[in-house]
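> Protein chains in written order, with the numbering used here: chain A, 4 to 606; chain B, 56 to 173.
Any given hint could be a false lead.
Stated by the list, open to error - Some chain B residues close to chain A (C-beta under 10 Å, calculated; not the full set):
| id | residue |
| --- | --- |
| 1 | R62 |
| 2 | S107 |
| 3 | A108 |
| 4 | K110 |
| 5 | G112 |
| 6 | C123 |
| 7 | E138 |
| 8 | K147 |
| 9 | R150 |
These are calculated hints, taken from the structure and not from any lab test. By construction, the Cβ of each residue, glycine as well, lies at the ideal position given by its N, Cα and C atoms.
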Amino acid sequence: MIKQKTKKPDKFVITLCDGPTCMHKKSKDLETIIQKELDKYRIHNAVEIKLSGCLGMCDKGPIMIVNPGYTMYGSVHEKDIPEIVENHLLNGRPVSRLVIDEDHLYNRFFRIFGDIAFFGKQMRIALRNCGIIDPENIDDYIALRGYEALAKVVTDMSPQQVIDEVKKSGLRGRGGAGFATGLKWEFTSKAQGDAKYVICNADEGDPGAFMDRSAIEGDPHTVIEGMIIGGYAIGSSRGIIYIRAEYPLAIKRLEKAIALARDYGLLGKNILGSDFSFDIEIRLGAGAFVCGEETALIHSIEGCRGMPRPRPPYPSISGLFGKPTLINNVETWANIPVIILDGAKWFSSIGTEKSKGTKVFALAGKVKNTGLVEVPMGTTLREIIFDIGGGIPNNKKFKAVQTGGPSGGCLPENYLDTRIDYESLAAAGSIMGSGGMIVIDEDSCMVKMAKFFLEFTQNESCGKCTPCREGTKRMLEILNRISQGNGAEDDIDKLERLGSMIKKASLCGLGQSAPNPVLSTIKNFRQEYEEHIKEKKCRARECVNLVSYTIIEKCIGCGACKRACPVSAITGSLKQLHSINQDKCIKCGRCFEACKFSAVVKS
Amino acid sequence: MLTPLQRIKKMRAEAINRIIGKGYLSTKRVYVGMATCEIAAGSSEVMEVFESAIKNGLPDVYLSKKGCAGRCNLEPTVEVVEEGRIPVKYGKVNREKAKDIIERHLKKGEIIEEWVIK
Ligand SMILES: Cc1cc2nc3c(=O)[nH]c(=O)nc-3n(C[C@H](O)[C@H](O)[C@H](O)COP(=O)(O)O)c2cc1C
Ligand code: SF4
Ligand code: SF4
Ligand code: SF4
Ligand code: FES
């Protein structure tokens, strides 16, 4: 595995694991010793030391990676440092006795860690190949041990052994509810039926979320491999990927991947020469949020309107066409091959006591590095937003983070040290959800934020049950009133009462969670609601009716605002102080944007 | 008869050979982000620039597309991996920058620091 380097590279980067276990094993001390050695040879300019979060090899810690070459050293002891520096850094000869050359499936990212601040705290299991391989080339996937987990399962493992491994891994559904995946597999495997189905839920209806789409676009075979293994475990021969039609590139890559997998004998009849057969087809969804709910999704595949039905019976027992059906989320499926190859024991060493493994988030909003991140469970919100996300741009203050999309809640600053796992987020008053994470700064109004999500769910309600259909409409009316400056004293109480009623009385998860953004903003930002109602004030100056624009002394009379105003509300002659006719002004804010002299103020 | 596990290992060896056959062992490898978000930011054009440079005789470069690495605000991204050197990732690459990457980095070995994602 180790390549002998003949010429010394321009520069080395040493990555030291700074995760809890490695730190415990003194990785910090190593840094000092390395520095000392570098000083000795005066090569500190040619070497850069960077720290990373847990690399998933804790039992071999402390871990140290030397790049270029991606040489991973394990159990590095203080006394090994001089040898590594002299042999590897000075003479380009890696110290082979310390090199870990196990071919693990995860963390290939450290091969391309140019931007380690972004990747350093990440750990990529579900996204392990995203950004690494050509998703349209099955050879790329196979070269990185793709379909080996499938081969291992059909060669060496009984279906029950596969289920046991998934159970032991502690993997929980990544689609939102966090149900134990292995248990779901077991129920479906034990359920009686002449046919069984496997479904991949790739509906991804959350506004702003793009985790599942990216996972499929970057590595479609992982999802396919996961599903075939699931089919083997429960005794099914048919899989369906339900994906929304608005994701054309993901669909194209899936189609291509499925066709290639069939060509290679990895999908279809007698997979890899075994007596197990399984095939996958794609079904397109029309893009209704509620169709992501599992029972609605099943109705939609059956050709009916995507409306939820009460559970039980759960799809595991009676799902598609009344047959036992195993339905999991894209990210859940993507974890399966890793669990099989690297083992449940390893997988369950990552994360927290009750939430194992990693979680993918779509980090968006007022944060410097927006993007797709995957972190071990137990990483704090602060680490995600500030270490990976790079903090809030333009020197603004952090105000809140919204997790879990329209079903989730908003957490203020004092929750920044909350660890992300199913239980901690729920205890803090939000949820993990499918992984949307929107950062909000001081310029955003929480009433508007709540309104945005409620508007979304209200639009997407399928209308089957009254509390969800009518209740969310009423809540939205109240919110609109508040943001227009017409709120009444008891509106907050009304929102809270309505909200808890809707949560209790709705049939499906959409209605049951729709009030969450409103309730959590009331809980954490009640004062802002009160300001809107009592003082007719929006401190973030986002609620249009509560904002007014005026021109102050700074005005040099350039006339730019006047030209920008669509309703001719601005008067003033050239080089004179201009002014705004408040009765005419429609508060479009164009003058504010047009003025180069900060003479138009928003209040 | 091979077991499925033996089969996949054989397939893996063949897959690796095919990738090598496509030039994977070139001293320079270029990866262009080609996910929906990257394409929306203009990565197809960037890809074209590299493709036509190679067609017109740029030697010893292996070109591949890749999925989204997660740097949404810095897209399109281009990664240059060279034998014996720290891989470099460029952010917000457009047609012009791609041409410069070819001229300066791929041909002359110069890393264009100001575009590197740090
Ligand atoms: C309104 C609503 C929308 C949902 N949307 C999705 C979705 O887009 N993707 C998804 O995987 N699960 C979604 N779910 C959760 C699914 O019902 C189901 O729990 C999940 O697909 C199970 O897979 P998992 O155990 O792997 O998470 C949604 C649930 C509700 C109530
Ligand atoms: S809660 Fe809403 S979305 Fe769910 S079934 Fe009732 S009306 Fe439809
Ligand atoms: S753009 Fe600014 S400086 Fe110019 S006239 Fe308007 S308020 Fe005055
Ligand atoms: S906010 Fe719009 S309508 Fe009002 S004065 Fe400025 S440009 Fe005119
Ligand atoms: S803490 Fe270093 S590998 Fe886990």
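> So, for every hint listed, does it hold in this structure?
These are the hints, each one checked on the structure:
About 5 Å separates the beta-carbon of B/R62 from the nearest beta-carbon of chain A, less than 10 Å, and the hint is met. The beta carbon of B/S107 comes no nearer than 19 Å to any beta carbon in chain A, farther than 10 Å, and the hint placing it at the interface is violated. Hint on B/A108 is violated. Least Cβ distance to chain A is approximately 18 Å, over the 10 Å limit. This hint is violated: B/K110 has a C-beta 18 Å from the nearest C-beta of chain A, more than the 10 Å allowed.
For B/G112, the interface hint is violated, since its Cβ never comes within 10 Å of a Cβ in chain A; the closest pair sits about 23 Å apart. Interface hint at B/C123: satisfied, since its Cβ lies 5 Å from the closest Cβ of chain A, which is below the 10 Å cut-off. The interface hint given for B/E138 holds, since its Cβ lies 8 Å from the closest Cβ of chain A, which is under the 10 Å cut-off. Taking 10 Å as the C-beta contact cut-off toward chain A, the hint placing B/K147 at the interface is violated, the least distance being around 13 Å.
Taken as an interface hint, B/R150 does not check out: its beta carbon lies about 21 Å from the nearest beta carbon of chain A, beyond 10 Å.
Comparing the model with each earlier hint shows violations of hints 2, 3, 4, 5, 8 and 9; every other hint is respected.
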